[in-house]
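Go by the hints and put chain P onto chain V.
There are 2 protein chains.
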Amino acid sequence: METPLFRIGFILFPGLTQLDMTGPYEVLSRLPGAAIHLVWKDLAPVRSDRGLAILPTDTFEHCPTLDLICVPGGPGINDLLTDDTVLSFIRHQSWGARYVTSVCTGALVLGAAGLLQGKRATTHWMSHGLLAEFGAIPVEARVVTDGRLITGGGVTAGIDFGLAVIAELAGRKLAEAIELGLEYDPQPPFGTGSPERAGPELVARMRALSARIQGVRLEQVRRAAAALEPA
Amino acid sequence: METPLFRIGFILFPGLTQLDMTGPYEVLSRLPGAAIHLVWKDLAPVRSDRGLAILPTDTFEHCPTLDLICVPGGPGINDLLTDDTVLSFIRHQSWGARYVTSVCTGALVLGAAGLLQGKRATTHWMSHGLLAEFGAIPVEARVVTDGRLITGGGVTAGIDFGLAVIAELAGRKLAEAIELGLEYDPQPPFGTGSPERAGPELVARMRALSARIQGVRLEQVRRAAAALEPA
Numbered sequence: 040m041e042t043p044l045f046r047i048g049f050i051l052f053p054g055l056t057q058l059d060m061t062g063p064y065e066v067l068s069r070l071p072g073a074a075i076h077l078v079w080k081d082l083a084p085v086r087s088d089r090g091l092a093i094l095p096t097d098t099f100e101h102c103p104t105l106d107l108i109c110v111p112g113g114p115g116i117n118d119l120l121t122d123d124t125v126l127s128f129i130r131h132q133s134w135g136a137r138y139v140t141s142v143c144t145g146a147l148v149l150g151a152a153g154l155l156q157g158k159r160a161t162t163h164w165m166s167h168g169l170l171a172e173f174g175a176i177p178v179e180a181r182v183v184t185d186g187r188l189i190t191g192g193g194v195t196a197g198i199d200f201g202l203a204v205i206a207e208l209a210g211r212k213l214a215e216a217i218e219l220g221l222e223y224d225p226q227p228p229f230g231t232g233s234p235e236r237a238g239p240e241l242v243a244r245m246r247a248l249s250a251r252i253q254g255v256r257l258e259q260v261r262r263a264a265a266a267l268e269p270a
Numbered sequence: 040m041e042t043p044l045f046r047i048g049f050i051l052f053p054g055l056t057q058l059d060m061t062g063p064y065e066v067l068s069r070l071p072g073a074a075i076h077l078v079w080k081d082l083a084p085v086r087s088d089r090g091l092a093i094l095p096t097d098t099f100e101h102c103p104t105l106d107l108i109c110v111p112g113g114p115g116i117n118d119l120l121t122d123d124t125v126l127s128f129i130r131h132q133s134w135g136a137r138y139v140t141s142v143c144t145g146a147l148v149l150g151a152a153g154l155l156q157g158k159r160a161t162t163h164w165m166s167h168g169l170l171a172e173f174g175a176i177p178v179e180a181r182v183v184t185d186g187r188l189i190t191g192g193g194v195t196a197g198i199d200f201g202l203a204v205i206a207e208l209a210g211r212k213l214a215e216a217i218e219l220g221l222e223y224d225p226q227p228p229f230g231t232g233s234p235e236r237a238g239p240e241l242v243a244r245m246r247a248l249s250a251r252i253q254g255v256r257l258e259q260v261r262r263a264a265a266a267l268e269p270a
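Line by line, the protein sequences give chains V and P. One point on numbering: in my numbering, the residue at position 205 of the first sequence is 244, and numbering is uninterrupted. One point on numbering: in my numbering, the residue at position 32 of the second sequence is 71, and numbering is uninterrupted.
So here's chain V without its partners, still in its complex pose (with noise of 0.2 angstroms):
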């Protein structure tokens, strides 16, 4: 007997911090039967915020019923936020799919398709407080867990995602492997990957680094939410 395709689709959008989405593919691809899809309006080859270019697999139009959909992060998000090709798609598939999920800030293009409200739900740390915008019920945690919809945390957190989502689908023992085979066995060298840890000075020097893209991701939270808003 044949393993069940499960198919697997990331939102592959210009701007995206690749780790977010490279991260739980290299996780998720090893569930028996994974069928990855990442999808866009086009084929041609997506540049993600640092440069690299990765393919696209399945345009919005073509792209079949999806089984769990995945929304990675970036600064490209800010147009998502307000795109109603990429929110309609989201929509239309969450109303499908088993798992509706992100990593990192694609918790914010999940919110402005409206699968947040009354979630609990997390994000990376520098945009968490933008989840309320959406109804959210913000919480600390790398991997949040609300009935079908997973959140990760910001960007790594996307490998304890993958983790979570293959213990959730294929047991434990599975999962227990994957950490294994992926020799995942963290050891951060400085002990500064969360705010907390890191402390006020290096938290206020990252916020003042990010201002301006922080600035435009509010406008374009609040554009987002309003539009939400019955009329």
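Don't take every hint at face value.
You can't tell identical chains apart in this list, so a pair holds if it fits in one copy or across any two.
Stated by the list, open to error - List of simulated lysine to aspartate or glutamate pairs, EDC-like, C-alpha gap at most 20 angstroms:
id : residue 1 : residue 2
1  : 212       : 122
2  : 80        : 122
3  : 212       : 235
4  : 80        : 123
5  : 212       : 100
6  : 80        : 179
7  : 212       : 172
8  : 212       : 240
9  : 80        : 118
10 : 80        : 172
Read the hints as simulated data drawn from the structure, not as lab findings. Keep in mind that this is a model prediction, so the values were computed, not measured.
Using the frame of chain V, we list chain P on its own:
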């Protein structure tokens, strides 16, 4: 004054484990002046062992002199171990480069290029026993530095590797900021990310699953090691 370019080149080959490359890419691309080159025989999309299609940026013929060369790992290295085009490129670049590096089983390719003789090095746990075939001194650690040779352990160790390189090149302060930016405060859900932590049963199961590919690898490593011996 402009920040001088620091050219970082990854070998991008069919059948690579993409996270071996995309993990350190995400970290190293944040180095001021970083220019990332993905180098292969031609510029057609290269597929990872799990189907991710990535575009190279340079051919071996037209790649500029690199400041840091990095060989990621994956099942595809088996072919690289006896590929003269690849080995010549690595040898040639290793003369001029400030750092010669690998992640995961990419270390074996450095070995086949003759660059591990007498050097302390690491690789993915399942291939660790093969390092000695190239005259390396195997070290069990996530990141091993021996002069200008820096090797990382399996797959996710590439993130730790990237942060170590940033600290070496640009100082601890930047590395701490990148660790926070990537929210690298990992929480491996099952604590099975190293053979010691996973225990003998799971290790034996993983070795059995990989027996075929490891068998071919051993033959290729011996062939490559023999080719390095003085006639």
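So, going through the hints one by one against the coordinates:
Taking the shortest alpha-carbon separations for residue 212 and residue 122, neither the intra-copy value of 40 angstroms nor the inter-copy value of 37 angstroms comes in at or below 20 angstroms. Only within a single protomer do residue 80 and residue 122 lie at most 20 angstroms apart by alpha-carbon distance; the minimum there is 11 angstroms, versus 38 angstroms between protomers. Within a single copy, residue 212 and residue 235 get their C-alpha atoms only as close as 32 angstroms, which misses the 20 angstroms cut-off; across copies the closest is 17 angstroms, which meets it. For the homomeric pair residue 80 and residue 123, the shortest alpha-carbon distance inside one copy (12 angstroms) is at most 20 angstroms, but the shortest distance between copies (40 angstroms) is not.
For the identical chains of this complex, residue 212 and residue 100 are neighbours neither inside a copy (37 angstroms) nor across copies (46 angstroms), given an alpha-carbon limit of 20 angstroms. In this homomeric assembly, residue 80 and residue 179 never come within 20 angstroms of each other (Cα to Cα): the closest approach is 33 angstroms inside a single copy and 45 angstroms across copies. In the homo-oligomer, the alpha carbons of residue 212 and residue 172 never lie at most 20 angstroms apart, since the shortest distance is 38 angstroms inside one protomer and 33 angstroms across protomers. For the identical chains of this complex, residue 212 and residue 240 are inter-copy neighbours only, at 12 angstroms across copies versus 41 angstroms inside a copy, given an alpha-carbon limit of 20 angstroms.
Proximity of residue 80 and residue 118 under a CA criterion of 20 angstroms is satisfied intra-copy only: 14 angstroms inside one chain copy versus 36 angstroms between copies. In this assembly of identical chains, the alpha carbons of residue 80 and residue 172 never lie at most 20 angstroms apart, being 27 angstroms within a copy and 49 angstroms across copies at closest.
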